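**Q** Same order as they appear, the protein sequences are chains A and B. For the first sequence, the numbering used here assigns the number 482 to the initial residue and increments by one for each residue that follows. For the second sequence, the numbering used here assigns the number 439 to the initial residue and increments by one for each residue that follows.
One or more of the hints may lead you astray.
Claimed, not checked - Which residues of chain B face chain A? A few of them, derived with a C-beta cut under 7 Å, are:
#1 T469
#2 V547
#3 R552
#4 I567
Just so you know, the hints here were simulated from the structure itself, not pulled from any lab data. Note that the coordinates shown come from a computational prediction; the quantities given were computed from them, not determined experimentally. Note that CB positions come from ideal geometry on N, CA and C, so glycine has one too.
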Amino acid sequence: MTSALMIEAHGLTKRYGSTLALNGIDLEVPKGAILGVLGPNGAGKTTAVRILTTLATPDGGSARVAGHDVVREKAAVQRNIGVTAQDATLDEVLTGRQNLVMIGRLSGLRRADARVRATELLERFDLTDAADRILKGYSGGMRRRLDLAAGLVTRPPVIFLDEPTTGLDPTSRVRMWDVIREMVADGVTLLLTTQYLDEADELADRIVVIDHGQVIAGGTSAELKTQTGGARLEITLSQPHPGAADALGPYVTGVVDVSHDGRRLRAPVPSTTGLATTVVRALDQAGITVDDVEVRQPSLDDVFFALTGHPTRDADESAAASTESDPDPSAAAVSEPHVRDLEVARP
Amino acid sequence: MTVTTAAPPAAPAVRPPAIGGLARRFSDVATLTGRNLVHIAREPLQLSDVTVQPVLFTLLFVYVFGAGVVLPGGGSYKNFAISGLLALNLTTSSMGTAVGLSNDLNSGVIDRFRTLPMWRPSVLVGRSIADVLTAAVCAAIVALTGLAIGWRPGGSAAGIAGGFAVFLLFSYALSWGCACLGIVSKGPESAQGIGLVILFPLAIVSNALVPTQHMPAALRFIANWNPVSAVTAASRHLFGSPNPSASINAWPMQHPVAASLLWSLVLLVIFAPLASLLYRRRASD
């Protein structure tokens with residue numbers, strides 16, 4: 482058996498009408514890894530997940546999941562995957578328990594096994610109290626948790642989560658992250674799409690950034706941050722000092738910016754460990770006292786901006802967004818603070 | 439030798455068996471049938487279509503029409519009308535198939551089904567079986583209402599069973615036609631609207647509620663060849679009820695049982711494959 486790639490896609494293309502949703506996507510996820518697929522609305526994330534989960538047929542390229550071709554061996558792929566789609570894919574009229582039992586039965590579990598598994602999952606996802614209520618009465622967070630549970634009924638080795646926290650309030654979102662972390666502790670292979678940069682940072686081992694149907698960058702969170710040119714040093718002195726900027730000279734990679742009161746100094750620095758200690762020691766030796774020092778790593782927001790030239794929610798998404806299913810108006814509302822964060826963070 | 443020791447850490451105890459076995463297909467169909475029945479039981483509108491409506495229609499038609507209709511050849515309108523009411527109720531309630539399927543196709547649940555390793559046609563087969571079971575409940579309610587107000591079938595037990603059987607077979611066949619409608623329609627409301635426009639005239643321009651002898655020639659022709667007429671006449675014949683159509687010189691009215699079976703078969707042969715084709719086309723991108 483070759484290297485244990487659980488998800489591999491090569492040159493996937495998919496066109497919907499006049500929109501090129503995917504323009505040659507390559508993805509590789511080794512066994513047990515968590516890949517974050519990051520991109521704005523309409524970038525092609527959902528289309529990629531739909532192809533990998535056998536819901537859509539690619540126009541070009543190929544993909545294998547758990548070693549099986551997603552077009553020619555659909556059934557084998559389906560036996561190895563758990564899917565939590567962006568839209569609720571549960572039965573609104575059934576209870577939480579009935580939904581899970583039904584999915585277990587339709588996945589080939591015997592009735593008794595399906596019942597045991599449903600009870601287990603309801604307990605694990607903190608839904609025992611709501612288990613026998615129909616879904617119409619569930620909150621958004623409860624639905625998402627049940628949707629996640631639904632993807633785990635058969636303990637599949639490969640799991641796809643398409644924007645698992647879009648539309649959730651901040652508390653439910655953090656709770657969902659805990660649930661996902663606990664889930665991957667079982668050693669499954671996970672592909673997670675998100676338009677939240679902090680979410681990818683928080684959950685994924687590796688991240689690929691996609692935009693307009695193409696992978697525009699990939700790597701670990703740290704590697705991506707390095708691509709944008711390192712960190713920023715921010716120092717506040719106790720007193721203004723004429724020699725401060727010169728003392729910092731050997732440690733920075735650009736111009737030291739001194740505020741007009743002379744107390745605050747800012748400069749780009751390489752992302753190396755121990756930098757704050759080194760800098761403070763150097764200033765101390767020059768007789769300069771420091772009130773505050775911060776080495777700020779670039780956020781993934783900065784990364785996305787550096788790569789695409791536009792913030793995560795771009796203005797020209799409307800054309801592509803029409804093919805990407807995103808009927809949830811609350812999604813836009815929730816990501817609003819991110820846009821604001823971005824603008825505040827960027828000097 | 440290469441050994442794949444890196445098994446998934448999760449217990450493989452619940453790893454599903456291979457699909458394709460006949461038992462799996464039965465199990466998938468049964469699961470979805472049960473799910474659809476829960477839906478019907480929990481949707482007040484659909485439930486009333488098969489519980490309240492049959493009682494209401496039966497009482498209204500028997501007492502309102504019964505007061506004015508004189509049957510050619512004589513006989514009790516009550517005994518005549520129950521077969522017609524079965525036809526009316528079962529024909530219009532088969533719209534539930536279109537509405538239910540359209541609901542599913544317009545919700546995310548169908549995507550969930552499509553990612554599961556299940557027998558794909560079970561979505562349609564489970565729907566049609568749930569609907570024939572619902573139709574049986576509807577038929578039973580018409581019959582019980584009829585019995586309560588004095589309907590007395592005259593035929594043998596086998597005849598009575600046969601009378602219901604031709605209806606349920608027809609209802610099953612019709613539900614595949616309605617499945618096609620549900621798949622091609624934009625949403626449940628439009629499925630319901632179009633369904634009503636097709637099914638209501640189908641049920642009314644027939645011998646179900648009035649004898650056809652006095653209809654205008656064109657309508658009479660349609661009524662004599664309408665599958666609903668054939669099924670209704672067949673059930674009257676088998677129930678031993680008054681069947682004025684027996685004197686009409688048209689092949690389906692002369693051979694109502696054969697005609698009703700033939701009609702059901704034709705509908706099934708056309709609509710079942712068509713529904714599968716339309717479903718496959720709709721549920722793929």
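**Q** What are the numbers of the hints the structure violates, in ascending order?
**A** Those not satisfied come down to hint 4.
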